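From first to last, the protein sequence lines stand for chains A and B.
Numbering (my numbering) for the first sequence: 1 to 455.
Numbering (my numbering) for the second sequence: 1 to 227.
Derived from the structure by calculation, the hints contain no laboratory data.
Since this is a predicted model, take the numbers as computed values, not measurements.
Check the hints yourself; a few may be wrong.
Claimed, not checked - Some residues of chain B that are not near chain A, with every Cβ distance over 12 angstroms (derived):
1) Met1
2) Asp74
3) Asp96
4) Asp141
5) Asp170
Stated by the list, open to error - SDA-like, lysine to any residue: derived pairs with alpha carbons at most 25 angstroms apart:
6) A:Lys349 to B:Asn175
7) A:Lys304 to A:Asp285
8) A:Lys349 to B:Asp96
9) A:Lys362 to B:Asn175
10) A:Lys349 to B:Arg67
Beta carbons: idealized from backbone N, C-alpha and C, even for Gly.
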Amino acid sequence: MSRRGLIRLVGVELRRHFGRLIVGGVGVVLGIAALVFFLGLMLGIRQVVLGDVFPLDRFEVEPRVRNLDVLILRFALGSDTIDQEKLDRLADLPEVAAVYPKMKVTVPAVASGGGSLLGTGLQTEVVADGIDPALVIDDAGDAFFWSEIGPAVPCSSSRQCPQNAYCGNGIYGRVGECRRYLPVLLSPHLLEIYNGSLRRAYDLPRLNPEVAIGFEFEMAFGVSTLQRSGPGRAVRERARIVGFSDRAIALGVTLPLEFVRDLNVEFSSSKAAGVYHSAIVEVADRAALPAVVEKVQGMDLVVKDRGAQRAAAMVAVSIVLIAIMGGTMVAIAALSVAHVFLVIVLHRKREIGVLRAVGASKADIGTAILAQAAIVGCAAGALGIAAAAAAGRFVDSLAAARIPDFPYKPDTFFLFPWWLLIGALAVAVLACVVGAAVPAAHAVRRDPAEVLAMP
Amino acid sequence: MIRLQQLYKAYDRRPRECEVLRGIDLDVTEGAFVSIVGRSGSGKTTLLNIIGGLDTRYRGTVAVGGRTLADLADDELSELRNSTVGHVFQAYHLLDHLTAAENVAVPALFARRGRALSAARARRRAQAILEEVGLADRAADRPGLLSGGERQRLALARALFGEPAVLLCDEPTGNLDSATGSEMIDLLNRVHRERGVTLLVATHDETICRGGEFVFELDGGVLTEAT
Numbered sequence: 001m002s003r004r005g006l007i008r009l010v011g012v013e014l015r016r017h018f019g020r021l022i023v024g025g026v027g028v029v030l031g032i033a034a035l036v037f038f039l040g041l042m043l044g045i046r047q048v049v050l051g052d053v054f055p056l057d058r059f060e061v062e063p064r065v066r067n068l069d070v071l072i073l074r075f076a077l078g079s080d081t082i083d084q085e086k087l088d089r090l091a092d093l094p095e096v097a098a099v100y101p102k103m104k105v106t107v108p109a110v111a112s113g114g115g116s117l118l119g120t121g122l123q124t125e126v127v128a129d130g131i132d133p134a135l136v137i138d139d140a141g142d143a144f145f146w147s148e149i150g151p152a153v154p155c156s157s158s159r160q161c162p163q164n165a166y167c168g169n170g171i172y173g174r175v176g177e178c179r180r181y182l183p184v185l186l187s188p189h190l191l192e193i194y195n196g197s198l199r200r201a202y203d204l205p206r207l208n209p210e211v212a213i214g215f216e217f218e219m220a221f222g223v224s225t226l227q228r229s230g231p232g233r234a235v236r237e238r239a240r241i242v243g244f245s246d247r248a249i250a251l252g253v254t255l256p257l258e259f260v261r262d263l264n265v266e267f268s269s270s271k272a273a274g275v276y277h278s279a280i281v282e283v284a285d286r287a288a289l290p291a292v293v294e295k296v297q298g299m300d301l302v303v304k305d306r307g308a309q310r311a312a313a314m315v316a317v318s319i320v321l322i323a324i325m326g327g328t329m330v331a332i333a334a335l336s337v338a339h340v341f342l343v344i345v346l347h348r349k350r351e352i353g354v355l356r357a358v359g360a361s362k363a364d365i366g367t368a369i370l371a372q373a374a375i376v377g378c379a380a381g382a383l384g385i386a387a388a389a390a391a392g393r394f395v396d397s398l399a400a401a402r403i404p405d406f407p408y409k410p411d412t413f414f415l416f417p418w419w420l421l422i423g424a425l426a427v428a429v430l431a432c433v434v435g436a437a438v439p440a441a442h443a444v445r446r447d448p449a450e451v452l453a454m455p
Numbered sequence: 001m002i003r004l005q006q007l008y009k010a011y012d013r014r015p016r017e018c019e020v021l022r023g024i025d026l027d028v029t030e031g032a033f034v035s036i037v038g039r040s041g042s043g044k045t046t047l048l049n050i051i052g053g054l055d056t057r058y059r060g061t062v063a064v065g066g067r068t069l070a071d072l073a074d075d076e077l078s079e080l081r082n083s084t085v086g087h088v089f090q091a092y093h094l095l096d097h098l099t100a101a102e103n104v105a106v107p108a109l110f111a112r113r114g115r116a117l118s119a120a121r122a123r124r125r126a127q128a129i130l131e132e133v134g135l136a137d138r139a140a141d142r143p144g145l146l147s148g149g150e151r152q153r154l155a156l157a158r159a160l161f162g163e164p165a166v167l168l169c170d171e172p173t174g175n176l177d178s179a180t181g182s183e184m185i186d187l188l189n190r191v192h193r194e195r196g197v198t199l200l201v202a203t204h205d206e207t208i209c210r211g212g213e214f215v216f217e218l219d220g221g222v223l224t225e226a227t
């Protein structure tokens, strides 16, 4: 049979059995829609979990500390810090692309201010962390890099100072000299907690992260509202929020590593300059993550949060389960297609005998039936994909309108990569073709004479 | 044109086999008009089905146009049915969902490379054949609207579409009244005469037998020339 003949025959048969084929195709549409919807959902969740919540190409390590508990007290056995030598060993691992050390501020710190933004001034004890600005360059750009202004710039008001600097008043910076704002990075989680709980408790306005960037407040290091006496001296800085980052400490403020290092040295000794409390290790290839984790553990370090690996495993298992469920639905749909084609073939057996009598070969009949099945599969697959995408949009819009903001809440819960769509289309076509294969074989099994002789 | 040698055919009618053709030998020359007569159930239809490549389960040798059917692959056998042999069945076997013209042109769907026609050419050829069999004005009608005689003429038109060298007619007047049957016989004679096809007709109809150059009788599975 020529291609033209096949197209004509298939066209006639599709029009003729349109109703029946729709009935058979509905199952495939639903199966493919469910498969694409749930796989798209899992892929979307995986992207959020592994891309934002637990970025799998990075993990944080901290010293392995063995504890000794005596009544209410817990004593650490061994060091609870990481020195420069260990950081260098980490950086030398071939699979490691970069190591970003983190240093805690080891003196009390108090933040105060906020009257211009919140309508009332606040004062609170804060926990502060120092991280390498290179780690958050995507979130804060150059604004998070800390450096002194250099030669003193005289001033009588902040307008005379360079950008990101203010005119010192003796408490914050020297009198009549420009002083750089201390750049501060906050976690979006902190903003969520503020907007979700704190603002309600203290009757404060809800904050827009866009507006919060640039917000200024005062920080005092070596000062505490909890202790009667601090170290005896204080470092006071005017701070400015320069951005929000998932790399920032969840409950506290994150400062440039250089500033924290200088602060710790000032309040302790020069040895404090090389004492880190944790480090973020970035691997060159995600696939190398397990090997790096193993090596890190051999260096008497522990991975701070194994949630990433657990989340990755959980998502992977979920995807497999959903693929199996979706596959089963499509397989059941294929049975419905098989049933429809079998009914059509049985209904048409005399007609198929006639077609064979006028020149149709077994291959012609089989090809025509399978081509119809493939077209039904293609159409059903496309409809199923469209239905899944529409359902995804609907769920996203519902989520945007009805689900309160939460940390890492994505704009979309779905991810429909091209390979999923092509794969789903292929599965739909395959299901229909496989479903129609038995009826097609049945249709050409007998000699035309035998079929034509049937009542 | 047609050669049968030691042709045997049996049906599995459990508990025993029923042999309907027992060692048939036959030579039909090109352009001949052969009538095969015999009682109902004598195996006439079976014989035509085997010659036409519709039935492939037999013993012996069947050759059509110099090609031994048993040696042909399904695709080649289908091509033979499409272009070398035309069938006219007693029960017409028309496709009810197609118009008369579409029924005639159905073989065009399965034409092999070199014989394939465009839809327009297939329509034109179908129309010409419908005119030849006197159904030009019924081209747009479906078979359900046609009389018995018209349906049989339509079946003949479809058989002629591939311009076959051999035309096999199984009881072409079996479902027709005598007047309509006569018209059908006249039509067959005309087709045989004008197209020069080799015509094999299985029939009860003595009128047809009279038109045939050769008349054979099939009885007890054996084919003998009728006197």
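Going through the hints against the structure:
With a minimum CB-CB distance of about 19 angstroms to chain A, methionine 1 (chain B) clears the 12 angstroms threshold, and the non-interface call stands. Aspartate 74 (chain B), annotated as away from the interface, has a beta carbon of chain A within 12 angstroms; the closest lies near 5 angstroms. The non-interface label for aspartate 96 (chain B) is inconsistent with chain A: the shortest C-beta to C-beta separation is roughly 9 angstroms, within 12 angstroms. Distance to chain A confirms aspartate 141 (chain B) as a non-interface residue, since its nearest Cβ pair spans about 17 angstroms, more than 12 angstroms.
Interface exclusion of aspartate 170 (chain B) from chain A breaks down, the closest Cβ pair being 10 angstroms apart, not more than 12 angstroms. For the suggested pair lysine 349 (chain A) and asparagine 175 (chain B), the alpha carbons sit about 23 angstroms apart, so the restraint of at most 25 angstroms is met. Between lysine 304 (chain A) and aspartate 285 (chain A) the alpha-carbon distance is near 20 angstroms, which keeps this suggested pair within the 25 angstroms criterion. A threshold of 25 angstroms between alpha carbons decides the hint, and for lysine 349 (chain A) with aspartate 96 (chain B) the separation of about 14 angstroms falls inside it, so the pair holds.
With a CA separation close to 30 angstroms, the supplied pair lysine 362 (chain A) and asparagine 175 (chain B) exceeds the 25 angstroms bound. For the suggested pair lysine 349 (chain A) and arginine 67 (chain B), the alpha carbons sit about 29 angstroms apart, so the restraint of at most 25 angstroms is broken.
Hints 2, 3, 5, 9, 10 from the earlier list are contradicted by this structure; the remaining hints agree with it.
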